[in-house]
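If you read the protein sequences in the order shown, they are chains A, B, C, D, E and F.
Residues 48 to 179, numbered by the numbering used here, are exactly what the first sequence covers, in order.
Residues 48 to 179, numbered by the numbering used here, are exactly what the second sequence covers, in order.
Residues 48 to 179, numbered by the numbering used here, are exactly what the third sequence covers, in order.
Residues 48 to 179, numbered by the numbering used here, are exactly what the fourth sequence covers, in order.
Residues 48 to 179, numbered by the numbering used here, are exactly what the fifth sequence covers, in order.
Residues 48 to 179, numbered by the numbering used here, are exactly what the sixth sequence covers, in order.
Take these hints with a grain of salt, some might be off.
A pair holds if it fits inside one copy or across any two, identical chains being indistinguishable in the list.
[Said to hold, decoys possible] Under the rule of at most 20 angstroms between Cα atoms (straight-line distance), these lysine to any residue pairs were calculated in the SDA-like manner:
hint, residue 1, residue 2
1, LYS70, PRO145
2, LYS141, GLY107
3, LYS70, LYS141
4, LYS55, ASP173
5, LYS70, LYS108
6, LYS141, LEU112
7, LYS55, LEU112
8, LYS62, LYS108
9, LYS50, ALA111
10, LYS70, MET100
11, LYS141, PHE176
I should point out that these hints are in silico values taken from the structure, not numbers from a laboratory.
Number of protein chains: 6
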Amino acid sequence: MAKLTEYKDMTPRAKAVVEGIAKGRNVDPARINNVWKALARHPAVMERFAEQMSVVMAPGKLDALTKELIYLAVSVTNQCDYCIASHGAMAARKGMTPEMHEEFMAVVLAAQQGNKIAGAYRVPVDAAFEEE
Amino acid sequence: MAKLTEYKDMTPRAKAVVEGIAKGRNVDPARINNVWKALARHPAVMERFAEQMSVVMAPGKLDALTKELIYLAVSVTNQCDYCIASHGAMAARKGMTPEMHEEFMAVVLAAQQGNKIAGAYRVPVDAAFEEE
Amino acid sequence: MAKLTEYKDMTPRAKAVVEGIAKGRNVDPARINNVWKALARHPAVMERFAEQMSVVMAPGKLDALTKELIYLAVSVTNQCDYCIASHGAMAARKGMTPEMHEEFMAVVLAAQQGNKIAGAYRVPVDAAFEEE
Amino acid sequence: MAKLTEYKDMTPRAKAVVEGIAKGRNVDPARINNVWKALARHPAVMERFAEQMSVVMAPGKLDALTKELIYLAVSVTNQCDYCIASHGAMAARKGMTPEMHEEFMAVVLAAQQGNKIAGAYRVPVDAAFEEE
Amino acid sequence: MAKLTEYKDMTPRAKAVVEGIAKGRNVDPARINNVWKALARHPAVMERFAEQMSVVMAPGKLDALTKELIYLAVSVTNQCDYCIASHGAMAARKGMTPEMHEEFMAVVLAAQQGNKIAGAYRVPVDAAFEEE
Amino acid sequence: MAKLTEYKDMTPRAKAVVEGIAKGRNVDPARINNVWKALARHPAVMERFAEQMSVVMAPGKLDALTKELIYLAVSVTNQCDYCIASHGAMAARKGMTPEMHEEFMAVVLAAQQGNKIAGAYRVPVDAAFEEE
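Generate coordinates for the entire structure from the input sequences, incorporating the hints supplied.
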């Protein structure tokens, strides 16, 4: 298990990261997710990851839900239990219905097969795709 | 390299699969993608994968582009070169702009890190996520 | 690309490994597979892997073809192109027919999905399986 | 943890899938494995996976035990704990002895190394394998 | 969960392996790590892995801590919880400070991204690297 | 293949990144590695990755060679051909001798096996490791 550091016991540097996240989500810093309690002892890694997440997950040309689905697709492929639990919950909060979740899973499972088919049959890339 | 079977040399069973795909995409069966030319010698696998792809990639609660992005996220995570080339091209045809592609990549890269952080720090799932 | 060392240019230590493999397969040492030409500059790794392969791939409680199919299943899952090409060829030489190959692929593809389903739905292990 | 739906609480569509599986295995539908209880809320994914498993795992040109070993090799490579527990148990029921299990593990471990060796040394595929 | 065999209940062959490891680490064989209790029922796999670990992890041209960091980098990439816990502890015993651990994690996370970037953008190897 | 943008054709934003890297390595910006030519069309991803690499790969509590070995261990595990070629060359430039490379490979291969053993035998983490 991770060595979790509660907010009240964090260094000022780690506290600042947690406060930024908590403010953005409008929650109590003391109730921050475990991943940040685990990262608190490595402030440089924590700061970099927090900054990156806040920038890349914000809505842009892709909306917030689409970004969560992309994040979740990576997490299911990598079989990351924590990420599946946390980003699955976040996707639901951002509008993923059970029906959308089912379609998401159907695509992820088809892709797993497509990936292994391409490798197993040693399929060369079509010239048409090389040009695009 | 794959043993590719051209459309004209396929069995009737494989031809039928190719014709169904070609019709759905309004293209010449002779110009079908290499993955189907590689699968032609394994008709049961070919039929199952073609049927699955046609059902799950069709627009539903998630639109066609979102589904392509999910497929592409899996393919980048699995480092499948053929799938990155083919589904990257398909995503572009379905509306993925270079700006969307860049945001897609930014999310995929953040997720790779989030997945490894969760594992490396052995982060337990928050009780709040367990309940959802 | 690998730095390949031809048999005639190998050190005596690497030559000895190649000769052992070539003798077991009844082939000319000069025609050894590329993996051994690549490993020749790292003799300790080469010796260990050659010894391990010769022991574990020999028929025992599992026959030689079943062992090749297990090796190939790992290689498809890891998407190792060299291993798919080489062990696919070896499986064919040991009796894998095209029909068996197709059934093999069907099982591998089902397993990829089963693995991702178990992770994505966070399925707990049944008590019955824990006891076995 | 998964949201598990017990058989008695499933929709008619999910119940039908469970009944088909239970009948094929001659067991009580109420004692179905957890993976099906987890999939019950996504009936289209559940139906597709159940159909695929029933077809591809049935004995054909490859016997039932060989198929379980292939499935297990994929699961160990992907490090899927649920699948290792469940298909390990199923392999044992289908005849895998402890001695066969040990040989299976020895091959899987050799293959993991062979896969990484081929990648790390960037070994090109032998011309002889390209032709086969 | 693994079927763990306590030292006192092991076969003479498994006991011999455990005694060799315990002697090398100057600990009581009864307090050997769980991985060896799990491997005890497969003595050939156990012997091979124990021999390999004792040879390759010993200081040589690379010192013992560098070797632990390499082992840990593989384990984080493969998301092996047991290995992260055990080799993280061993790295700490061999001199990995919290500051070194943080730098280690920063490199591992950068590498995960570099790997996915190279695949996603389909980057060809530079001619300069091919020559080296 | 990647769409590579030569330095002279890059946007000012991408040129600035390349110039920073080239200056740090004391090379001609026109001879920058392909990964940067591929990233040039996605400047935000390019800037973030360049900044991250320059910070985390610099010598600190871990020296430059140790960091390259960690990066290479991740790359071999993920089977990233570009990364193995490029960071293998960089490790050599930073002092990795052929003997060190061989020891590196021996550890990586042992770790691959240790990771799969822990998963396949479902080994629980020792209490002693949980406390550390």
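Going through the hints against the structure:
no.: 1; hint: LYS70 / PRO145; in the structure: neither (29 angstroms within a copy, 29 angstroms between copies)
no.: 2; hint: LYS141 / GLY107; in the structure: both (15 angstroms within a copy, 18 angstroms between copies)
no.: 3; hint: LYS70 / LYS141; in the structure: within (18 angstroms within a copy, 37 angstroms between copies)
no.: 4; hint: LYS55 / ASP173; in the structure: between (57 angstroms within a copy, 18 angstroms between copies)
no.: 5; hint: LYS70 / LYS108; in the structure: neither (24 angstroms within a copy, 32 angstroms between copies)
no.: 6; hint: LYS141 / LEU112; in the structure: both (6 angstroms within a copy, 18 angstroms between copies)
no.: 7; hint: LYS55 / LEU112; in the structure: neither (32 angstroms within a copy, 34 angstroms between copies)
no.: 8; hint: LYS62 / LYS108; in the structure: neither (31 angstroms within a copy, 24 angstroms between copies)
no.: 9; hint: LYS50 / ALA111; in the structure: neither (31 angstroms within a copy, 25 angstroms between copies)
no.: 10; hint: LYS70 / MET100; in the structure: within (14 angstroms within a copy, 29 angstroms between copies)
no.: 11; hint: LYS141 / PHE176; in the structure: between (34 angstroms within a copy, 14 angstroms between copies)
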